[in-house]
Every structure is written in C-alpha cells, then in structure tokens.
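Student: Residue strings, one per chain:
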Amino acid sequence: MMANPADTMLSGALADATERALAEAEIRLPSDVLEALRRAAAAERDAIARQELSNILENIALAGERQVPICQDTGVPVIYLTLPPDIPFSPSLFEGVREGVRRATVTIPLRPNVVDPLTRENTGDNTGAGMPAVHVTPGDRLTVTVLPKGAGSENASRLGMLLPSQAAEIPKFVAETMLLAGGRPCPPVILGVGIGGTFDMAAALAKEALLLPVDTMDDYEQELCDAVNALGIGPMGLGGDTTALAVKVKRADCHTASLPVAVNMQCWACRRATVEVKR
Amino acid sequence: MNLTTPLGDEVLDLRAGDRVTLSGTIYTARDEAHLRMIAEGIPFDPKGAVVYHCGPVVQDGRLVVAGPTTSARMNALTGFLIDAGVRALIGKGGMGPEVVEQLRGRAVYLALTGGCAALAAARMHLAGVYFEDLGMAEAVWVIEADSLPLTVGIDAHGGDLFEAVRQKAKTQFHQRFNINRIPSHETRHR
Numbered sequence: 001m002m003a004n005p006a007d008t009m010l011s012g013a014l015a016d017a018t019e020r021a022l023a024e025a026e027i028r029l030p031s032d033v034l035e036a037l038r039r040a041a042a043a044e045r046d047a048i049a050r051q052e053l054s055n056i057l058e059n060i061a062l063a064g065e066r067q068v069p070i071c072q073d074t075g076v077p078v079i080y081l082t083l084p085p086d087i088p089f090s091p092s093l094f095e096g097v098r099e100g101v102r103r104a105t106v107t108i109p110l111r112p113n114v115v116d117p118l119t120r121e122n123t124g125d126n127t128g129a130g131m132p133a134v135h136v137t138p139g140d141r142l143t144v145t146v147l148p149k150g151a152g153s154e155n156a157s158r159l160g161m162l163l164p165s166q167a168a169e170i171p172k173f174v175a176e177t178m179l180l181a182g183g184r185p186c187p188p189v190i191l192g193v194g195i196g197g198t199f200d201m202a203a204a205l206a207k208e209a210l211l212l213p214v215d216t217m218d219d220y221e222q223e224l225c226d227a228v229n230a231l232g233i234g235p236m237g238l239g240g241d242t243t244a245l246a247v248k249v250k251r252a253d254c255h256t257a258s259l260p261v262a263v264n265m266q267c268w269a270c271r272r273a274t275v276e277v278k279r
Numbered sequence: 280m281n282l283t284t285p286l287g288d289e290v291l292d293l294r295a296g297d298r299v300t301l302s303g304t305i306y307t308a309r310d311e312a313h314l315r316m317i318a319e320g321i322p323f324d325p326k327g328a329v330v331y332h333c334g335p336v337v338q339d340g341r342l343v344v345a346g347p348t349t350s351a352r353m354n355a356l357t358g359f360l361i362d363a364g365v366r367a368l369i370g371k372g373g374m375g376p377e378v379v380e381q382l383r384g385r386a387v388y389l390a391l392t393g394g395c396a397a398l399a400a401a402r403m404h405l406a407g408v409y410f411e412d413l414g415m416a417e418a419v420w421v422i423e424a425d426s427l428p429l430t431v432g433i434d435a436h437g438g439d440l441f442e443a444v445r446q447k448a449k450t451q452f453h454q455r456f457n458i459n460r461i462p463s464h465e466t467r468h469r
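So the sequences go chain by chain: X and Z.
If you read the first sequence in my numbering, its first letter stands for residue 1, the second for the next number, and so on.
If you read the second sequence in my numbering, its first letter stands for residue 280, the second for the next number, and so on.
Where hints are given, some of them may not hold.
[To be verified] If you anchor each label on the Cβ, the simulated ranges turn out as follows:
#, chain 1, residue 1, chain 2, residue 2, range
1, Z, Ala-363, X, Glu-24, 39 to 49 Å
2, X, Ala-43, Z, Lys-449, 21 to 31 Å
3, Z, Asn-457, X, Asp-253, 26 to 36 Å
4, X, Pro-84, Z, Pro-376, 51 to 61 Å
5, X, Asp-215, Z, Asn-457, 28 to 38 Å
6, X, Ala-133, Z, Pro-322, 35 to 45 Å
7, X, Glu-24, Z, Gln-446, 37 to 47 Å
8, Z, Phe-359, X, Asp-218, 32 to 42 Å
9, X, Ser-258, Z, Asp-292, 49 to 59 Å
10, X, Pro-117, Z, Glu-319, 22 to 32 Å
11, Z, Arg-385, X, Ala-129, 43 to 53 Å
[Unchecked claim] If you want the footprint, here are the derived chain X segments under chain Z, 3+ residues with CB under 8 Å:
#, region
12, 51–59
13, 101–111
14, 182–192
15, 198–211
16, 232–242
Everything labelled a hint here was simulated from the structure, so no lab data went into it.
Nothing here was measured: the structure is a model prediction, and the numbers come from that model.
Each residue gets a CB set at the ideal place from its N, CA and C atoms; glycine is no exception.
With the rest of the complex left out, here is chain X (with noise of 0.2 Å):
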C-alpha cells in the first residue's frame, strides 16, 4: 500500500514529537516529581536515607548538566497518543512513533532494552513485535507522552483479582506488594494502583495512574501512602521514612462479582513528558 503525503507529512511530525519526549523524559525528571523527592529529603530522619536522597538529586543535577539519562535502565517506552476527530486513526501513526523511538535510542542515546521473549535476541532500537505499546485516546489536539519505564520496578508489579467483599483488604493488597518488593524497585516508589475494570483494564489503569501529578493525594491516596511508608523499607531498601513519595488511583466499574486491583510500580525516576505534534 502506497502511503499518501498527508500520511507521510503526519508519520514524520509524530516520529520528531516522540523522540523530542523521550529525550525530555530521559533526561528531566518532571517538578512534581522533582520537588517530591526534595520535600522527603528535607524530612527524612534516617541518616542513610538522607544521604540515599541526596544522591538522588545530586544524580538528577548531574544528568541535566550532562545531557545524560537519569538511569541507565532508560526502559521502554510506554507511548499515549490523544488524537484529533480530523486525523484518520491510521497505521501511519504507529509507524510514526515506532521511527522515534529508533531514532531517540540512537540520538539520546537509550539502551537497547527489547528483546525477543523466549530467545532473548535483542531487536537493538527499542522496538519490536507489539513493542511500544502505543494507547490512543480521542483529544482536542495530537499529543505524545512518553513513559520510559524500567524494569527493575516494573517486575515488582501485581495485579490481584479480589473477592468483591474485600474492598478493605485493598489497603493491605498494595502495602503488600511493596513488602515483597523491598528495595528491588528502587524506592522511594511512586505507586499506580488500578481497581476495578477487568483483568487487563486494571492494569491499564495502573499504569495512567502514573501519569498523574504526585503534587496531589486525596484521602484514600494518602492512606494507601501512609500503609506503604509505615513499612520503613526506605530508599533502596535501606530503610527510612521514604519509601513511597505518593500513590495514584485510577478507578473503573467492574463486574458486581469481580474486583481487580493492579499495582504498578515506578522508581523514583518517575520519567514522563508530553509533546503536541506541529502539523
């Protein structure tokens, strides 16, 4: 199939955006993030999660003047598109954000970090069969956020399907994957926690819930919170005050017989930017 201009024209557009959001990820944590992890520095008590802390911003000072990733694990993309009731949900779009994130792991440069499955055969650019994992939502304007997400704190992720009777189990659900997780993921943590939905919903929403600003905890977050730092895993599992900087919760309805509940875990470098795609 022959390609049209206006395709071509958008797939390029896209495939800049992409790879102008990943670098701004990669390398600039976002100022809710940020000033997150000042404020638990500030409050720490612990003398070696203090210092723990402190490396935190100092590294994230140093990547910014180095024009360097924060992390080495610099993950794999994570992409949500919005799009315009204009533009034609077409295969241009995903090969448009597939040629960004190749050109980004060259031009930041990424770690190479897809691989085949069972063979473990690295592709070498990021991408690979079903990889990104691009989400579409319908927007006012074309918009790309990228969430380069690591896997030392994604494999401390869970996702449980509850009893509908056990909403207040939810609490102990979540303190309990961090339990399991000690300093493995790299806290201090930022948590998505996604109830309701269905098996795979929930853990969609897990992961949206981090793109949420941690700047903001309503009371149900701010238990959640308090369960996972009365813990005392503290950063890297050293122990201190600091283990979660927050929680988000996105929620669905679910079926009147189900309740699925998904953590997904985020390390400190809570990596996201959002471009618009001049067009």
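Given the coordinates of chain X, assemble chain Z onto it according to the supplied hints.
Tutor: Structure of chain Z alone, referenced to chain X:
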C-alpha cells in the same frame, strides 16, 4: 573509610550500614556475563577484584551512564566469584541468604544508590571490555572508578542491612493488618 582496589582483608573490618568510598578498577557483570564466566572462566584477575552489577550505556568508547542493576538476579550465580577471590560486589537491592553465607569471612556487598547512573558515570571512565558479543548491557566492562559513594549492605560477618529492614517491615505489616479487628472494650461502650 576509603577503599582502593585490589581489596584485601580491610573489607573484613566493615560493618553493614558503614559508608565507604571506593576507587580503582571494577568489572561490570550481569546475568549473561556470569553464565559466560562460569562456562569459560573469569577473564580478569579475580584476586581482590570488585564486581559491579551494572549494564551501562556506552557510546563511542565513552561511558554515558552506569548505575547499578538489581543484584538479586545474580543470587545463584555468585559463589564462583567469591571462591576465586573477589572481595566486593557492588549493586542495588541486596542479595539472598546463600550469598550472605558465601561472603562470610571473605567479602562484602556494597550498595550504590539505584538509578544514580549519571552520578556513577561522572566518577568513572572506561578502561576495556570482555565478552563484547554479549551486547552493551551484558558485556563485562572494565571501569576505573574514582571515589564511588557506597553503603555496606552486607558485611563479611553475616550482617545484612537489607534483611534487617525487611524483618522490621514484616513486623510492621503484621501489626498493621493482621491484628484482631474486634473493637476494644472502651470503643464498644462509648
């Protein structure tokens, strides 16, 4: 305390929770490099050596970023290194009880702040590579380090800061969630 490679018995004086800096030669190794070394031998002199759990980003012979990876993935792959004379492991998140035993009387585990890849790279430069065919993340990179800021996570006497924190967290968890939730006498009669 300031450590310089090759390391010797000075590591036996360290205790879990101590803060140290380390300078000298270190060797990166992740899962694939451990498997290759078990099959083909260790390509560097392991006596007093330091192994760094890290898969860096390298471009044009330059270390771009090089923070620690999750050490626990190497729990079952570590014994041969300690037997060969490796004196310190650097990584994040700590290691399993079998490694705590392997380190006893011989070596230590040093924690470097996870995600601090720019901070680490600012204090390192590349000096060589083995097993480059394993790819950027899995190759054994030879690195000259200058004053890496580290915390002793596991000492050579069975002291394990990660395990101590984990036990405390477990106790907290059980106190918070597993207590009998029947309201107390006063509450019921208020």
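Student: Would you mind marking each hint as holding or not holding in the structure?
Tutor: Status of each hint after checking the structure:
Taking the beta carbon of each, Ala-363/Z and Glu-24/X are about 44 Å apart, inside 39 to 49 Å as hinted. The hint said 21 to 31 Å for the Cβ distance between Ala-43/X and Lys-449/Z, and at roughly 24 Å that hint holds. Remark: the range hint 26 to 36 Å for Asn-457/Z to Asp-253/X is upheld by a beta-carbon distance near 31 Å. A hinted range of 51 to 61 Å for the beta carbons of Pro-84/X and Pro-376/Z is consistent with their spacing of about 56 Å.
Take Asp-215/X and Asn-457/Z: their Cβ atoms lie about 33 Å apart, and the range 28 to 38 Å holds. The supplied range of 35 to 45 Å is met by Ala-133/X and Pro-322/Z, whose beta-carbon atoms lie about 38 Å from each other. Roughly 41 Å separates the CB atoms of Glu-24/X and Gln-446/Z, a value that falls within the hinted 37 to 47 Å. Between Phe-359/Z and Asp-218/X the C-beta distance comes to about 51 Å, which lies outside the given range of 32 to 42 Å.
Our hint of 49 to 59 Å for Ser-258/X and Asp-292/Z holds, since their Cβ atoms are close to 56 Å apart. A beta carbon spacing of about 26 Å between Pro-117/X and Glu-319/Z agrees with the range 22 to 32 Å that was offered as a hint. Between Arg-385/Z and Ala-129/X the C-beta distance comes to about 45 Å, which sits within the given range of 43 to 53 Å. Residue count for the region 51–59 of chain X with a Cβ under 8 Å from a Cβ of chain Z: 6. That meets the three needed, and the coverage hint holds.
Here the region 101–111 of chain X counts 3 residues with a CB under 8 Å from a CB of chain Z, which clears the bar of 3, and the coverage holds. Coverage of the region 182–192 of chain X by chain Z holds. Counting CB-CB distances below 8 Å, 4 residues qualify, and the rule asks for three or more. Residues of the region 198–211 of chain X with a Cβ under 8 Å from some Cβ of chain Z number 0, which does not satisfy the need for three, so the listed coverage is violated. Three residues within the 8 Å Cβ limit are the bar, and the region 232–242 of chain X against chain Z gives 8, so the coverage statement holds.
Taken one by one, the earlier hints fail for this structure at numbers 8, 15, listed in ascending order.
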